[in-house]
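Build the full structure now, drawing on both the sequences and the hints.
Those protein sequence lines, which keep their order, are chains D and R.
Position 403 (the first sequence) corresponds to 403 in this note's numbering; numbering is contiguous.
Convert by adding 444 to the 1-based position in the second sequence; the result is the number in this note's numbering.
I should point out that these hints are in silico values taken from the structure, not numbers from a laboratory.
No experiment lies behind these values; they were computed from the predicted model shown.
No residue lacks a Cβ here, since even glycine has one placed at the ideal position from N, Cα and C.
Honestly, I wouldn't trust all of these hints.
Unchecked claim - One side only, chain D facing chain R, incomplete, derived with CB under 10 Å: (1) G150; (2) Q230; (3) D304.
Protein chains: 2
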Amino acid sequence: MSAAGRKQPMGKKERKIGVGLIGPGVIGGQVARVLLEKGELLAERAGCPLVLRRVMGLPSDLERPLAGQLPPGVMTTDIDEFFAAPGMDIIVEVIGGQEPAREYQRRALAAGKHVVTANKEVIAKHGVELLALARRHGVSLNYEGSVGGGIPLIAPFKRDLVANKIQGIYAIINGTTNYILTRMAREGTDFAAALALAQELGYAEADPENDIQGIDAAYKLAILATLAFQTRVRPEDIHREGISHLSGRDFRYARELGFVIKLLAIAKQSDRAIEVRVHPVFLPEDSFLGKVDGVYNAVLVEGDLVGKVLFVGQGAGPLPTSSAVVADIISAARDIILGTRETPWQPADGYAIRPIAEIETRYYLRLSAADQPGVLAQIARVFGDLSISIASAIQQDTDRDTRTAEIVIMTHPAREQAMQLALGRLEKLSVVAEISNFIRVEDI
Amino acid sequence: MSAAGRKQPMGKKERKIGVGLIGPGVIGGQVARVLLEKGELLAERAGCPLVLRRVMGLPSDLERPLAGQLPPGVMTTDIDEFFAAPGMDIIVEVIGGQEPAREYQRRALAAGKHVVTANKEVIAKHGVELLALARRHGVSLNYEGSVGGGIPLIAPFKRDLVANKIQGIYAIINGTTNYILTRMAREGTDFAAALALAQELGYAEADPENDIQGIDAAYKLAILATLAFQTRVRPEDIHREGISHLSGRDFRYARELGFVIKLLAIAKQSDRAIEVRVHPVFLPEDSFLGKVDGVYNAVLVEGDLVGKVLFVGQGAGPLPTSSAVVADIISAARDIILGTRETPWQPADGYAIRPIAEIETRYYLRLSAADQPGVLAQIARVFGDLSISIASAIQQDTDRDTRTAEIVIMTHPAREQAMQLALGRLEKLSVVAEISNFIRVEDI
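Here you go:
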């Protein structure tokens, strides 16, 4: 039916587009509600009515309020029954996680059905194969909801910025960590307390590792970088550091130096190589991204023509994500009605991934050292020997009991490799008690 | 040729898409350069090569460097020769102004050619008719470059936000005025000096009326509101006030009260009516829009699902605008290759335009009054009689010579009609020397 519809578009009045939804959870439930409650608006914008034909859930989903709102026979817990249902043109997968989500997407695409998903893990890890499968079967795979909730981020790369050579992407793309960092900056809360508060308010999960280790941000960066550079970027290509080692002292020094601390996802290209990394950074406090606080997400894209463009919005939550998912459904419905589909992009492996050792940036370094004459000279010599230029060094807060002082150093741009060597040598100095932290500085 | 191409898409290798460009000025010249210099990238993204077949200019354009870079025979000054050239699938109109731009667009559409334009005046005034003409002839009319340079603003309404009921648009959408206001705020420069500086730096034109009176912003708002609400909003529907009456004193009080002053373009809907207005506003200094300075543009969109989404970027200039125009060209080229076109939106006249008298907002009011006991009581009575609640009233800066004091009043939300009545009554009070300024406050 869907294939026939593509080849011989029928009149608007004659057909309906069938939608099957897998995963009636928080996101899926909201998508279903939009489909049910905004039928008229969506029909007008898609070009014909959309019908929610089947919702596939777990037995426990039968207890959800949604189950009671669906017409009889729509809810099912049998995946074979789901796929066998007639008139299913578009399959929406919003269960999240890798399996069985990936298998369901494959099955839908192989059956010639358009797929819409908000699953960042599946797209980050398997998007290239799934898009190839979609291409072979003449259907579309839309995943706007997988990054940044309702903020348009996938579509701009596919359409609006297509004349640009993308130079860089700089993204605050995980609301949980941005909420925690905002609390730490504003109230001087330490990491553990800020995390506990985020969990209490529902901004962080009981198991927060995916967020605070930057894994979630890396999935999203892999998706954006793959699209922006038209080359395959895998999550494991991304250098990744989390936020749990940040302390209140780092925030205090950042503020004194005119910076804020954010978990930034960065993808930059130069000389046919791209660097992709997720880690805490110092950002100038008056920069666009430095001002994005709380659970907001922001993605700054730099292109050779457009210059800097910034997209900001709520990066998660059922309402914003449903905005993206339903837009993708309508896009697929238009493809079906008009008998066409978007030219799918085919990643060319044209770029090498630049090792983290080869990046160049400025650095903030905080260490504790013996409070005695000549210490700063010894430390400075380590940097000098490696041709790393120091922009400023401040010695603060002597601890009278241990006779150690805290030293904060800002460097000029330096190679990461040299900086890592310097850290190794500093650790070996007898006057250095501890390297407390080391944070990259991004001037954007 | 173009019509045949749409019905029977040919293989990628077999065809080229021909582009004709009208207006090789600053923008047009840059568009031509992108087409000439990025041929390979654009061919890959469009699906087939794009060929710049003709460039139509004035005799004076023959002296431009571009004329020398074009292959022989491409440059012409004869519009009939231009339209008669073979293989012109897409016509790009970037001359600006109303005529003959509008006539050229009509002629191209009527000849079954896809049209791409960055002409805000033509689209704001005649977009609905031109889109209907495009629909009748089975071609597309793309105008992303008409608003906000390279910032994606048109496409998000047509696709990404399509599941939303749009509640409001709040836009800093004129770079010239934002540059002037930023100068006035930061350096205390008065309006005339800030304008002169903007002119010197090329940010303002010799005749700045279109910008400083808000006419340019009103064109752009008409385009965005028409699309967002799917109803026709004409430039003359928009209540419009410029920035030339702002003084350094207003900026000083704004800062003291925690606000910044911006020229804002606003479109809001409620109760099947929309209010559309362009005027200076007080914005909270820590709001997203309040932080957008200099020549940057920013558009905040509020939708029922997506919440607040913000788009920021350079709103003008040849490079950013060429990013949008070339993306539109590629979009039209894909339509031709895939044998389809976007479902054009058809505005329904479903909304009434709300008269400015019926809007409700907070107000800032600055007046000079006799410095004598009981004055504030008289003024407060005027507001009280009209049920306008005063949030704060401060009396500052007595002028010893004239024995007048400056009084600054912030109201709670009030109806514009009541506020205008209050202004009329205040003017008649013998103790009021002058109503110096009156600025609406937007809390977004």
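**Report entry** Hint check: 10 Å Cβ-Cβ cutoff, G150/D to chain R
**Finding:** holds, 4 Å
Requested in this report: Verify the interface restraint on Q230/D: the C-beta must sit less than 10 Å from at least one C-beta of chain R.
Outcome: Constraint on Q230/D satisfied, holds at 8 Å.
Requested in this report: Using 10 Å as the Cβ threshold, decide whether D304/D counts as touching chain R.
Outcome: Hint on D304/D: holds, closest Cβ of chain R at ~8 Å, below 10 Å.
In this structure, none of the earlier numbered hints is contradicted; all agree with it.
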